[in-house]
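Enquirer: The lines below spell out each chain.
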Amino acid sequence: MLFNSLTFFVFFAILVFILSHLNTNPSRKLILLFASCIFYMWWNPALIILIIISTVIDFVLGKKIQSTPSSRKIYLIASMVSNLGLLGLFKYGNFFQENLIFIMGFFGQQPSWTHLNIILPVGISFYTFQTMSYTIDVYRGNLKATSSVLDFTLFVSFFPQLVAGPIVRAADFLPQLDEPKDLSFKKEHFLIILRGLFKKVIIADNLGRFVDLVFQNPETYSSTIIIFAVLCFSVQIYCDFSGYSEMAIGLARILGYELRANFDRPYFSTTPSEFWRKWHISLSGWLRDYLYISLGGSKNGTFMTYRNLMLTMLLGGLWHGASWNFVLWGFLHGAVLVIYRPISKRVDFERLSRPLTLLATLFFQVFILLTWIAFRLVDFGQMALVYQKVLLFDFNFNFASIGLGTLSFFTTFFIFMLFWVLHILSRYHKDLCQLVLERGPLFQGAALFIAGFILYFFWPAGETPFIYFQF
Amino acid sequence: MLLKSLFKKEESSSLQCTHYKKLFFLTPLFAGVAFAILLTSPLFRISGISGRQETIVHALQQELLYGIMLGNSRVMNGVDTTVLEKTLSANGHFYNLSSGGQTGLESILIMDNLNKPVSHIGLGLSFGMTPEEDKIDVPENVLSKYHLSGFVFSEKVFLLAQKTNGASFISFYGKTSFERTLASRWFFSAAVNDLFRRWLRPDLELEKGMHDLFHPSPYTTKLSEEKTAILIKRNYSSRPAFYFYDSQKELLRHFKAENEKTGRFYFVVIMPVNPKVMENADRASLSSCVEQTKELLGEKQVLDLSGTLSHELFIDDCHPTRTGAQHISRRIAEYLKSNSPAGGRNAF
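Going down the list, the protein sequences come from chains A and B. Take 10 as the starting number for the first sequence in this note's numbering and just add one per residue. Take 445 as the starting number for the second sequence in this note's numbering and just add one per residue.
The hints are simulated quantities; they were obtained by calculation from the structure and are not laboratory data. Heads up, a few of these hints could be off.
Unchecked claim - Listed below are the simulated SDA-like cross-link pairs for lysine to any residue, each with C-alpha atoms no more than 20 Å apart in a straight line:
(1) B:K671 <-> A:T233
(2) A:K190 <-> B:L467
(3) A:K196 <-> A:D440
(4) B:K677 <-> A:S232
(5) A:K287 <-> A:I433
(6) A:K72 <-> A:L183
(7) A:K196 <-> B:L467
(8) B:K671 <-> A:L109
(9) A:K287 <-> A:I377
(10) B:K466 <-> A:I377
(11) B:K465 <-> A:E197
(12) B:K720 <-> B:H755
What the hints assert, rightly or not - Using C-beta positions, here's what the derived DEER-type ranges look like:
(13) A:G449 <-> B:L558: 52 to 62 Å
(14) B:D647 <-> A:L367: 30 to 40 Å
(15) A:R297 <-> B:D690: 17 to 27 Å
(16) B:S621 <-> A:P450: 54 to 64 Å
(17) B:E670 <-> A:G305: 52 to 62 Å
(18) A:E228 <-> B:K705: 48 to 58 Å
(19) B:D647 <-> A:F404: 15 to 25 Å
As the list claims (entries may be wrong) - Here chain A is said to cover these stretches of chain B; the calculated rule only asks that three of the stretch's residues, wherever they fall, bring their Cβ under 8 Å from a Cβ of chain A:
(20) 632-643
(21) 669-680
From the three backbone atoms N, C-alpha and C, an ideal C-beta is built for every residue, glycine too.
Just chain A, with the same shape it has in the complex (with noise of 0.2 Å):
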């Protein structure tokens, strides 16, 4: 059930009248966790039992790490081996079942076993880290373990963000789950929801059908018309994320709970450390916290923080998708963290002059953007033929090449237009919705309606899943 489709809709309307006749606070969460079950099993009913499996573990071994400290570090073992047991088996059993394949070949065996085909289950990324980050908070003594397993099995499967986060973290969640919420029907949520839904149907749904053209057959196409594809991937994959996020944002807050915002429009960042604060915050956050600190952070010195740094962002980018290309996206950010942090011991890039920051800001951005080449091309072939073409570049500035036919062009470039025009707007004047709402209500009326109307016009046909879905 995707956010930008009628099922939903229904589906959320059907939730939101139920709830609105429920007086109690108990009543209220176990249909919000009925509701999350429907929700998750619409895609695979059978594997709403990891979900299960992973919250009746987590539930019972943060209560043991809490009640028996000699035994809490053998506790918080078992969780992290289940969690990343399951994490490892169905996210990555095929990846290295091919890996190991391929070494085997190499050295001229070939394996007898059948070869297994692993489903990967939605979300699972997501609700590991989850349930993970709990454990590990109260192991740590930050966090006292709840003994309420509907509070807990909620906090796991709360639907807004189940299958693409944001990973929420149980010190936000759970507390919030202790007081009746009442439904909130803000016009600031609408917005915030209508923002999201924009930003995946109009722009990243568009910009996809030019990108997916391009990037599958990228040797027929010139450098020009290449760097405009990747330009426009760096557009789809954050509005089709952020929107994700912004949609899972505005329907917790009508159903009363509060998700920390996501992004915070990271391709205005000069450095990779600022990048990481505002990309995915929740999962840098959750790598900060449970990774590289684990890992001693910045407090062994230079080698060892670097190392640190590199493992996390390697780490990070596996957690993205079981393929060699995302381990080498992690490798290039952790790369440029590496290289940066010197640097910003130097130089203060918060303080820079105008035209500087602009400077720092582009040179970075270009750095984002040769990285979105890795993230997107899973074959290290035309990876490489990408990167070719992008560095050297062919001066052919000819569009014709694209063909009579081929409808997604002309309007994708008006509609990376649009985006920039709007981002640019919000970053520089005013936040969109904050715009919307200090207005009277007959310029508020004209923007929706006006939104309506691109939304239908602009709707492509079908319904795209979210990206982040497959990670």
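Knowing the structure of chain A, use the given hints to seat chain B on it.
Expert: Below, chain B alone, put in the same frame as chain A:
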């Protein structure tokens, strides 16, 4: 304990559920959608996107039609029917009613909508180049533009679509008029696309492609050898083979049966293939497809021009140049002179 708490009234509950009136704020959003839906059909009719379909609809209302040619962009670029009219001294018009990406099913749809007698009807045929596409899966936007242009989906076309696996067509056919209108909203982004294309592709004669009834050739500027080579590499496999799909056979059977019933002279032109494509192609597969077409329709009804144009007479990988079109048209005229029962004169 849990069950008990479920039904217990919250003592200090602040739970509210009476804010529905705030949802009125969203009314303009839905009004915008409703307004856009109402505008779909009229905007479609005045936009340039529907131009070619509207042109075809109006052409079919003409008083006297000598003949029509149907097919895709290869026929648009490759058949100049003014040459046919002149060579055959026809006293009615011979129109080229092909359109970009026209499928066999669309050609049949146009044929089914002929409400004036036509003595000659030709179909430009190109064989498939990939084995797996043995079906006609017509995209909804293709059919929605015909729907809004005033074509009627006949039961015959529907049955034909069923036989030829036109899954999209069937699902589209079952939809209400309102749903078809919704499915037609694609035209708006196509219009934006068209606007940019006119600006960025001055080499394309789009107006000609929209409104010309005789030689609606939008491709006018010859691509360089290098670009043509890139297109061939992109559009064809390293050893291209030709496939005569079952769906194409079914459509041709229908084409034959319907025209025999009405007494029109029908013919199929196998469109020229660029020799650069043929360099590495499986020639035997092309010969086999041509033979099968002749077996299906009869030797006399098929004009095989597959190997008649040199590479210089192609704009790109598959579309003939103006000179190429004149060459093809002269061959068609000669063919009609010697094979049409009217001997090239008007049959009326």
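Enquirer: Determine for every hint whether it applies to the structure shown.
Expert: The hints, checked one at a time:
1. B:K671 <-> A:T233: Distance of about 15 Å is within 20 Å: holds.
2. A:K190 <-> B:L467: holds (19 Å)
3. A:K196 <-> A:D440: Given that 20 Å is the threshold and the Cα spacing comes to 15 Å, the pair holds.
4. B:K677 <-> A:S232: holds (17 Å)
5. A:K287 <-> A:I433: Distance of about 16 Å is within 20 Å: holds.
6. A:K72 <-> A:L183: Measuring from Cα to Cα gives roughly 15 Å; hence the hint holds.
7. A:K196 <-> B:L467: holds (8 Å)
8. B:K671 <-> A:L109: violated (42 Å)
9. A:K287 <-> A:I377: With a Cα-Cα distance of about 13 Å, the restraint between K287 (chain A) and I377 (chain A) holds, given a limit of 20 Å.
10. B:K466 <-> A:I377: violated (42 Å)
11. B:K465 <-> A:E197: Judged against 20 Å, a Cα distance of about 15 Å means the pair holds.
12. B:K720 <-> B:H755: holds (7 Å)
13. A:G449 <-> B:L558: 52 to 62 Å: Holds: the Cβ-Cβ distance is about 58 Å, inside 52 to 62 Å.
14. B:D647 <-> A:L367: 30 to 40 Å: 37 Å Cβ-Cβ, so the 30 to 40 Å window holds.
15. A:R297 <-> B:D690: 17 to 27 Å: Given about 59 Å between the Cβ atoms, the range is violated.
16. B:S621 <-> A:P450: 54 to 64 Å: Between S621 (chain B) and P450 (chain A), where Cβ atoms are some 35 Å apart, the hint is violated.
17. B:E670 <-> A:G305: 52 to 62 Å: The hint (52 to 62 Å, Cβ to Cβ) holds, given that E670 (chain B) and G305 (chain A) are roughly 56 Å apart.
18. A:E228 <-> B:K705: 48 to 58 Å: holds (50 Å)
19. B:D647 <-> A:F404: 15 to 25 Å: holds (19 Å)
20. 632-643: holds (count 9)
21. 669-680: Since 5 is at least three, the answer is holds.
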